[in-house]
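There are 2 protein chains.
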Amino acid sequence: MKFSSRIEACSLSPIRKFGPYLAEAQAKGRNVYQLNIGQPDIETPPVFLAAIRNYGSKVVGYAPSPGVNAYLEAAQEYYARLGYEVSCDDILATYGGSEALQILFSCILEDGDEVLVPEPYYPNYDTFIRVTGATIHPIPTDPAKGYRFATREQIEPHINAHTRALLITNPGNPTGVVLTPEERRVLADIAKEHNLFLISDEVYRELVYGGQKPSSMLEFPDLAENVVVIDSVSKRFSATGARVGAIISRNRELMGHAMKIAQGRLCATTLDQIGAAALYRTMTPEYYDGVRAEYQRRRDAVEAALRKIPGVQFAYPEGAFYVMVKLPVDDADQLQYFLLQEFEDHGDTVMYAPGDGFYAEPGKGRDEVRIAYVNQVEKLQRAIEVLGLGIQAYNARQKQ
Amino acid sequence: MKFSSRIEACSLSPIRKFGPYLAEAQAKGRNVYQLNIGQPDIETPPVFLAAIRNYGSKVVGYAPSPGVNAYLEAAQEYYARLGYEVSCDDILATYGGSEALQILFSCILEDGDEVLVPEPYYPNYDTFIRVTGATIHPIPTDPAKGYRFATREQIEPHINAHTRALLITNPGNPTGVVLTPEERRVLADIAKEHNLFLISDEVYRELVYGGQKPSSMLEFPDLAENVVVIDSVSKRFSATGARVGAIISRNRELMGHAMKIAQGRLCATTLDQIGAAALYRTMTPEYYDGVRAEYQRRRDAVEAALRKIPGVQFAYPEGAFYVMVKLPVDDADQLQYFLLQEFEDHGDTVMYAPGDGFYAEPGKGRDEVRIAYVNQVEKLQRAIEVLGLGIQAYNARQKQ
Chain D
1 MKFSSRIEAC SLSPIRKFGP YLAEAQAKGR NVYQLNIGQP DIETPPVFLA AIRNYGSKVV
61 GYAPSPGVNA YLEAAQEYYA RLGYEVSCDD ILATYGGSEA LQILFSCILE DGDEVLVPEP
121 YYPNYDTFIR VTGATIHPIP TDPAKGYRFA TREQIEPHIN AHTRALLITN PGNPTGVVLT
181 PEERRVLADI AKEHNLFLIS DEVYRELVYG GQKPSSMLEF PDLAENVVVI DSVSKRFSAT
241 GARVGAIISR NRELMGHAMK IAQGRLCATT LDQIGAAALY RTMTPEYYDG VRAEYQRRRD
301 AVEAALRKIP GVQFAYPEGA FYVMVKLPVD DADQLQYFLL QEFEDHGDTV MYAPGDGFYA
361 EPGKGRDEVR IAYVNQVEKL QRAIEVLGLG IQAYNARQKQ
Chain W
1001 MKFSSRIEAC SLSPIRKFGP YLAEAQAKGR NVYQLNIGQP DIETPPVFLA AIRNYGSKVV
1061 GYAPSPGVNA YLEAAQEYYA RLGYEVSCDD ILATYGGSEA LQILFSCILE DGDEVLVPEP
1121 YYPNYDTFIR VTGATIHPIP TDPAKGYRFA TREQIEPHIN AHTRALLITN PGNPTGVVLT
1181 PEERRVLADI AKEHNLFLIS DEVYRELVYG GQKPSSMLEF PDLAENVVVI DSVSKRFSAT
1241 GARVGAIISR NRELMGHAMK IAQGRLCATT LDQIGAAALY RTMTPEYYDG VRAEYQRRRD
1301 AVEAALRKIP GVQFAYPEGA FYVMVKLPVD DADQLQYFLL QEFEDHGDTV MYAPGDGFYA
1361 EPGKGRDEVR IAYVNQVEKL QRAIEVLGLG IQAYNARQKQ
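If you're matching them up, the sequences are chains D and W in order.
By the numbering used here, the letter at position 275 of the first sequence is numbered 275, and the numbering carries on one by one without gaps.
Adding 1000 to a residue's 1-based position in the second sequence gives its number in the numbering used here.
Simulated from the structure, these hints should not be mistaken for lab results.
Warning: the hint list may mix true and false statements.
To be verified - Derived CB-CB ranges, DEER-like:
| hint | chain 1 | residue 1 | chain 2 | residue 2 | range |
| --- | --- | --- | --- | --- | --- |
| 1 | W | CYS1088 | D | TYR337 | 49 to 55 Å |
| 2 | W | ARG1081 | D | TYR21 | 16 to 22 Å |
| 3 | W | ALA1050 | D | ALA396 | 52 to 58 Å |
| 4 | D | ARG152 | W | ARG1281 | 55 to 61 Å |
| 5 | D | TYR288 | W | TYR1288 | 45 to 51 Å |
| 6 | W | GLU1085 | D | ARG297 | 50 to 56 Å |
| 7 | D | GLY311 | W | CYS1088 | 40 to 46 Å |
| 8 | W | ALA1050 | D | ASP41 | 22 to 28 Å |
| 9 | D | GLU85 | W | ARG1292 | 37 to 43 Å |
| 10 | W | ASP1300 | D | ASP41 | 53 to 59 Å |
| 11 | D | PRO143 | W | CYS1088 | 40 to 46 Å |
| 12 | W | LYS1058 | D | ALA70 | 30 to 36 Å |
Unchecked claim - Away from chain W, derived, C-beta distances all over 12 Å, residues of chain D:
| hint | residue |
| --- | --- |
| 13 | GLU73 |
| 14 | ALA80 |
| 15 | VAL86 |
| 16 | ASN124 |
| 17 | ARG130 |
| 18 | THR135 |
| 19 | ALA165 |
| 20 | PHE220 |
| 21 | ARG243 |
| 22 | LYS260 |
| 23 | ASP272 |
| 24 | ARG281 |
| 25 | ARG307 |
| 26 | LYS364 |
| 27 | GLN400 |
Said to hold, decoys possible - Chain D residues, not near chain W, derived (Cβ > 12 Å throughout):
| hint | residue |
| --- | --- |
| 28 | SER13 |
| 29 | LYS28 |
| 30 | SER87 |
| 31 | GLY97 |
| 32 | HIS137 |
| 33 | GLU156 |
| 34 | GLY211 |
| 35 | GLU219 |
| 36 | GLY264 |
| 37 | ALA268 |
| 38 | GLU286 |
| 39 | ARG292 |
| 40 | ALA293 |
Heads up, the beta-carbon is just placed ideally off N, CA and C, and yes, glycines get one too.
Just need the whole structure built from these sequences, with the hints factored in.
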């Protein structure tokens, strides 16, 4: 049978591809610290499940294609509290940030198109872009300069006739980079001058640790046609299984096209949207402060633990809940196989997301890994300690 | 800003495009009988919400990308009870049948490819296929011959070098056609001989009114590489807002490619899958019998009511819960505007899905409509009566 050449160019997720080996290790009784997936252990605010438990109708019927009104209104109020004026028509409810990206790319990309993305980047962008026939054109960054990318010098040389959009994650996954107001303006100017969509994935908006105010590219009223914000309740409310996100854009033509796909797939899940509405309605600034403080403690703990491993290099993450780390090994994929199949320390081993999947160029990032700090401090400290011991054992074996 | 030429070729859903006019009519106090959308009024079995209410974890976390184990196992048992052996690895949990189609088409289609689909067909197929750059190649059918399509004579002349798949809906939406065992074998033979995917959308499997046994294209073990079944809990369990479906295929390469996209979008919604597992686990043959009997009463009532309208033509639907009807009017779209904006009888008016969206060729089906019989018998009778009065008034106005 013949398959699409596009899907043949896609890969399994580097974040999830070791899932089968995880299961094997667990079957052998190993305790595996999972630093690979951004699955927070923080409680989903109980209002989410409470709202779903109170669902009153006897029929779990379709939601409207644009979204459940209560969810759209609650999201609109959330942006208004942050200082951004959007109408409910500027918001399209989606199955998480993932479907928001899929719908958007179906509207703006086709064969031969390019999307500029600073690398390292969230690997699922690659899958979503490739299935349209387009490709990522990476903007290289320097780990030694903290992976920063938002300058004309770094971006403009990569713009060509095929460029359709500039896609950024702010705060950054996997780098933790948080854009300054000046950097955001530079990106806005570039998008406007070159007539590009500026796609801003802001699902980690509140998770910033340097005293910055949560920000959004919605701040530029002159960029109404260019800016598309991708959002989700997953990380903000520790509700990754809820699958409620949104495309937010003031570009009417784009939202009209997006509605074709939204109507085609009928609706996003009714109950999750009802729960998400309750989250946006009831969460206070203190809630966000508490979550932020907890992740900041974790970030600090991971940083301190990493510094104890000889030979690791990393940039201090300012936001989100990941850190990209260069390990003193030849190949992080091979180390991961070793950690899951051969290594253990008092029954413990560890998983991360190997770094090469975060780069466009084959071979790049082979000695890097992404670590998600989504567990309690003591667990993270132990996990990083186990990683250090695993590296020692792996390198000792290599030398034999 | 530049958009994809593919999305520009897509349309809004003919089933949902009158949504704004519905809202206007309702704001004027009209009671609108909605025969356009397949949104059943039958109660979602309470085990669905009960299972979700009992969700024990404090964190609504990601599900595994292939699906929640309990859901996959319950679905596997459901197919086994029907007589079809599939492994859990042959099932991929999706956001309803819609995402199952989207993922599948991303795996097998690209620019220039064609999918054979008997027309009239479910219009959202067109959107999902067009965004890949492929197109529907329609297999014409004859309303006077009950829209039947499963013969070599009707299908084989349309196969060419671009044909990748044959897509059928069985029982049929919008036609109500239910394939005979002999017809299913003909389709299987054609797919095998011409090396095509045979995509069988079976979301209405149990809704058959001629004493047939619920069937599936999974019945052909020799078609393991070709057959892909699309399924969903939406219609079977009256849970359209639950958004839980599946791709079922024994083609390992296909399922491997599908997993790339499944991992990319992380997972289908966790809570809905837990509810869906409870549905498949606890629903008895008596449940399906009861639902089938209720829809059969409704079909019979709609048929009797339609026969009272002078000039309508339709084929007796054997399955699903739709009937395709040719109306004695020039343009069903114009009639729909009239019904929502100008007409009322004792405050009542009616909506349907205009027929042209169910055909590939522009202009075809312009005097046809799809009626969904998903309401109580008395409501359906009144709705069809109102439709008849509306047609009279519309035609009288046209003649002025």
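For each hint, the structure was consulted:
1. CYS1088/W - TYR337/D: 49 to 55 Å: 25 Å, violated
2. ARG1081/W - TYR21/D: 16 to 22 Å: Taking Cβ atoms as reference, ARG1081/W and TYR21/D lie about 34 Å apart, which means the hint is violated.
3. ALA1050/W - ALA396/D: 52 to 58 Å: 55 Å, holds
4. ARG152/D - ARG1281/W: 55 to 61 Å: 59 Å, holds
5. TYR288/D - TYR1288/W: 45 to 51 Å: 48 Å, holds
6. GLU1085/W - ARG297/D: 50 to 56 Å: The hinted range 50 to 56 Å holds for GLU1085/W and ARG297/D, with Cβ atoms some 51 Å apart.
7. GLY311/D - CYS1088/W: 40 to 46 Å: For CYS1088/W against GLY311/D, whose Cβ atoms are near 42 Å apart, the range 40 to 46 Å holds.
8. ALA1050/W - ASP41/D: 22 to 28 Å: 27 Å, holds
9. GLU85/D - ARG1292/W: 37 to 43 Å: 51 Å, violated
10. ASP1300/W - ASP41/D: 53 to 59 Å: Given a distance of about 55 Å, which is inside 53 to 59 Å, the answer is holds.
11. PRO143/D - CYS1088/W: 40 to 46 Å: 41 Å, holds
12. LYS1058/W - ALA70/D: 30 to 36 Å: 23 Å, violated
13. GLU73: 16 Å, holds
14. ALA80: Given that every Cβ of chain W is farther than 12 Å from that of ALA80/D, nearest at about 24 Å, it holds.
15. VAL86: The claim stands: VAL86/D keeps its Cβ more than 12 Å from every Cβ of chain W (closest is about 18 Å).
16. ASN124: Violated, because the least Cβ-Cβ distance between ASN124/D and chain W comes to about 4 Å, which does not exceed 12 Å.
17. ARG130: 9 Å, violated
18. THR135: 14 Å, holds
19. ALA165: About 9 Å separates ALA165/D from the closest Cβ of chain W, which leaves it inside 12 Å; violated.
20. PHE220: At roughly 15 Å from the nearest Cβ of chain W, PHE220/D sits farther out than 12 Å, so the non-interface label holds.
21. ARG243: 4 Å, violated
22. LYS260: 5 Å, violated
23. ASP272: Violated, since 6 Å does not exceed 12 Å.
24. ARG281: It holds; ARG281/D is separated from chain W by about 17 Å at its closest Cβ, greater than 12 Å.
25. ARG307: 30 Å, holds
26. LYS364: 20 Å, holds
27. GLN400: 35 Å, holds
28. SER13: Contrary to the label, SER13/D does not stay out of reach of chain W, its closest Cβ about 4 Å off (not over 12 Å).
29. LYS28: Label holds. Min Cβ-Cβ 19 Å, cutoff 12 Å.
30. SER87: 15 Å, holds
31. GLY97: 9 Å, violated
32. HIS137: 16 Å, holds
33. GLU156: Since the minimum Cβ distance to chain W is about 19 Å, GLU156/D lies beyond 12 Å and the statement holds.
34. GLY211: 28 Å, holds
35. GLU219: 19 Å, holds
36. GLY264: 4 Å, violated
37. ALA268: 7 Å, violated
38. GLU286: 19 Å, holds
39. ARG292: 18 Å, holds
40. ALA293: About 19 Å separates ALA293/D from the closest Cβ of chain W, which puts it past 12 Å; holds.
Of the hints listed earlier, those the structure fails to meet are numbers 1, 2, 9, 12, 16, 17, 19, 21, 22, 23, 28, 31, 36 and 37, in rising order.
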